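Visitor: Please build the complex by placing chain B on the supplied structure of chain A, with the hints as guidance.
One line per chain: the protein sequences are A and B, in this order.
Here the first sequence is numbered in this note's numbering, starting from 1 and rising by one per residue.
Here the second sequence is numbered in this note's numbering, starting from 1 and rising by one per residue.
Careful: at least some of the hints might be erroneous.
Not the full set, but computed from the structure, chain B residues with beta-carbon under 7 Å of chain A [said to hold, decoys possible]:
| hint | residue |
| --- | --- |
| 1 | Ser127 |
| 2 | Cys151 |
| 3 | Glu157 |
| 4 | Ser249 |
Calculated from the structure, these hints are not laboratory results.
From a predicted model like this one, the values you see are computed outputs, not experimental measurements.
Here a beta-carbon is modelled for each residue, glycine too, at the ideal position from N, C-alpha and C.
Number of protein chains: 2
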Amino acid sequence: MSEALSAGIDIGGTKAEVALVRGREVVAHQRFPTGGKTAEEIVGEAAATLRALLPAGAAPRAVGVGVAGRVEPGSGLVFQAPNLGWKSYPLGERLTAALRLPVSVLNDVQAATYAEGVYGAGRGASSVVALFIGTGIGSGILEGGSLLRGCSGSAGEWGHSVVDYRGALCTCGNRGCLETLAAGWGIARLAREAVTADPVAGEALLARVGGEVEHITTRAVGEAATAGDPLALGVFETAAEALGAGLASIVNALDPCRIVLGGGVMEGYPTLLKTADERMRARLAASVAVIPPLMPAELGRFSGVIGAAEWASANTP
Amino acid sequence: MSEALSAGIDIGGTKAEVALVRGREVVAHQRFPTGGKTAEEIVGEAAATLRALLPAGAAPRAVGVGVAGRVEPGSGLVFQAPNLGWKSYPLGERLTAALRLPVSVLNDVQAATYAEGVYGAGRGASSVVALFIGTGIGSGILEGGSLLRGCSGSAGEWGHSVVDYRGALCTCGNRGCLETLAAGWGIARLAREAVTADPVAGEALLARVGGEVEHITTRAVGEAATAGDPLALGVFETAAEALGAGLASIVNALDPCRIVLGGGVMEGYPTLLKTADERMRARLAASVAVIPPLMPAELGRFSGVIGAAEWASANTP
Numbered sequence: 001m002s003e004a005l006s007a008g009i010d011i012g013g014t015k016a017e018v019a020l021v022r023g024r025e026v027v028a029h030q031r032f033p034t035g036g037k038t039a040e041e042i043v044g045e046a047a048a049t050l051r052a053l054l055p056a057g058a059a060p061r062a063v064g065v066g067v068a069g070r071v072e073p074g075s076g077l078v079f080q081a082p083n084l085g086w087k088s089y090p091l092g093e094r095l096t097a098a099l100r101l102p103v104s105v106l107n108d109v110q111a112a113t114y115a116e117g118v119y120g121a122g123r124g125a126s127s128v129v130a131l132f133i134g135t136g137i138g139s140g141i142l143e144g145g146s147l148l149r150g151c152s153g154s155a156g157e158w159g160h161s162v163v164d165y166r167g168a169l170c171t172c173g174n175r176g177c178l179e180t181l182a183a184g185w186g187i188a189r190l191a192r193e194a195v196t197a198d199p200v201a202g203e204a205l206l207a208r209v210g211g212e213v214e215h216i217t218t219r220a221v222g223e224a225a226t227a228g229d230p231l232a233l234g235v236f237e238t239a240a241e242a243l244g245a246g247l248a249s250i251v252n253a254l255d256p257c258r259i260v261l262g263g264g265v266m267e268g269y270p271t272l273l274k275t276a277d278e279r280m281r282a283r284l285a286a287s288v289a290v291i292p293p294l295m296p297a298e299l300g301r302f303s304g305v306i307g308a309a310e311w312a313s314a315n316t317p
Numbered sequence: 001m002s003e004a005l006s007a008g009i010d011i012g013g014t015k016a017e018v019a020l021v022r023g024r025e026v027v028a029h030q031r032f033p034t035g036g037k038t039a040e041e042i043v044g045e046a047a048a049t050l051r052a053l054l055p056a057g058a059a060p061r062a063v064g065v066g067v068a069g070r071v072e073p074g075s076g077l078v079f080q081a082p083n084l085g086w087k088s089y090p091l092g093e094r095l096t097a098a099l100r101l102p103v104s105v106l107n108d109v110q111a112a113t114y115a116e117g118v119y120g121a122g123r124g125a126s127s128v129v130a131l132f133i134g135t136g137i138g139s140g141i142l143e144g145g146s147l148l149r150g151c152s153g154s155a156g157e158w159g160h161s162v163v164d165y166r167g168a169l170c171t172c173g174n175r176g177c178l179e180t181l182a183a184g185w186g187i188a189r190l191a192r193e194a195v196t197a198d199p200v201a202g203e204a205l206l207a208r209v210g211g212e213v214e215h216i217t218t219r220a221v222g223e224a225a226t227a228g229d230p231l232a233l234g235v236f237e238t239a240a241e242a243l244g245a246g247l248a249s250i251v252n253a254l255d256p257c258r259i260v261l262g263g264g265v266m267e268g269y270p271t272l273l274k275t276a277d278e279r280m281r282a283r284l285a286a287s288v289a290v291i292p293p294l295m296p297a298e299l300g301r302f303s304g305v306i307g308a309a310e311w312a313s314a315n316t317p
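Same shape as in the complex, but just chain A:
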């Protein structure tokens, strides 16, 4: 754990968080909206926000940036960040120039994985996979304290591993990705399909959203399931079965010591973690001697800035 102060910046499609970090502790932080701003405006605002947070005369040991996109290892070039509308944007270079400090850039979910692996639910384990289930599914892989980044910085997209090879179309153009069945949008999709197929069984869920199938959200499905609605429970049954299959694939492919699960869907409907754990264990019972525990993520919304800051610090000589 680093004793010096580092800076972490977490840039997403709607907001950016800027923080001063010491180990897992957030010493100071400030957020600003990013929607509708150009890349140059976001870089300028991030640099100004960080300067305002820093005590007079102080310089951070390192500056790390997590961004919602594909980042080239080394250069900090953002190949693609769809939610920000960026393509081939030299974020590392521009922020280094704006701050006059070296900046390290990585994917935001990789940053969150680093934080959970080193300071959160994965601490002490030599290999960790983290899965964050929100609207989509993001994930990251930590092995021996190092983030696995892959050839073009995109490693860890377990949400787009295929669990149903003849299944539904995914937002990525592939078919049967884990996201189609277990991400927030996949769960809402399953519920809409089930309600359309059987409007009588769907009445209770429909009533929660004003009678419009298109208004069914993951949150509404979660609340209906918690209230015991059979259709909503069936949707989560399917999601848990698919997630259990995806988790079993992770165990067989990577043999992690621990799997960390976080994100809005997990927090909104915690039963999913328990059921997915059962399904995963049933799938692995006959072949795997030691099945890794599933651990709820611990660091919440600050995992991105903590991870970016501490990863940059660990990778700065």
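Guide: For chain B alone, kept in the frame of chain A given last:
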């Protein structure tokens, strides 16, 4: 590449190969059968074979052993080697004692992956996944020149990633693993099911195996497909679709620079590689900027001894 002579031992359920290796070159080698022998007998014979291969007075720089089982990183303890009937056998310790030389032990497919990644079809790439499709599917992961071994030494079992979560039972107890659709046994299974479901369409294939459904082998399906038999072609269509899905999952999860494909099924029916490549590319076209090339494995049956020897050499101070 090491200039010194290293020793590689590859222990499988039917035979063991012992070799002296320099880089990717096999300088001398000898094999012996392992079937029906105890672990102690195999260790004794491997040590005697290696001593006989070594020039008088020479000692190898390192001794590496690849074994068809799950191997604890560090200790060289073999948790499980089903084809050898071993459970918790201290292979590293026993062979070190028999040879009076330090011995490094790893899984045999991990060893073959190391060889292909460093000296074979993956050389020069910073991250490589290798997939060997024979009766089963073995695989390994190489990142920045290091083998990913996982928490209990079992990383790389992509054959047991789930591509069809409600699919057929696998030999491992799980459901819908890639092996059920694309391993040799899975392809034979699909063909037997297709012939049973439609005996008229299956006549040509059945005639090749003496009329007995149970005698349908992967080789027979491959020969029938090469001869243009529609049922056999349909089976390989399904296998290629599932393999394309599995490869797309590998790309999304690990972002390798290159994927190496080897093994008997690939060699017996090379069209599978081409079709699986098309299917993988179709699944990734919209989301992945650079799709890694699929490369045929180059080192053949010696990849195990080369990989074990050179991995041990690279990990010996």
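Visitor: Could you run down the list of hints and mark each one as holding or not?
Guide: Status of the hints after comparison with the structure:
1. Because the smallest distance between the Cβ of Ser127/B and any Cβ of chain A comes to about 5 Å, under 7 Å, the interface hint for this residue holds.
2. Contact between Cys151/B and chain A, as hinted, is supported at the beta carbon level, the nearest pair being about 4 Å apart and thus within 7 Å.
3. Contact between Glu157/B and chain A, as hinted, is supported at the beta carbon level, the nearest pair being about 4 Å apart and thus within 7 Å.
4. Given the 7 Å rule on beta carbons, the hint for Ser249/B holds: about 4 Å separates it from the nearest Cβ of chain A.
Going down the numbered hints, you'll see the structure goes against none, and every one checks out.
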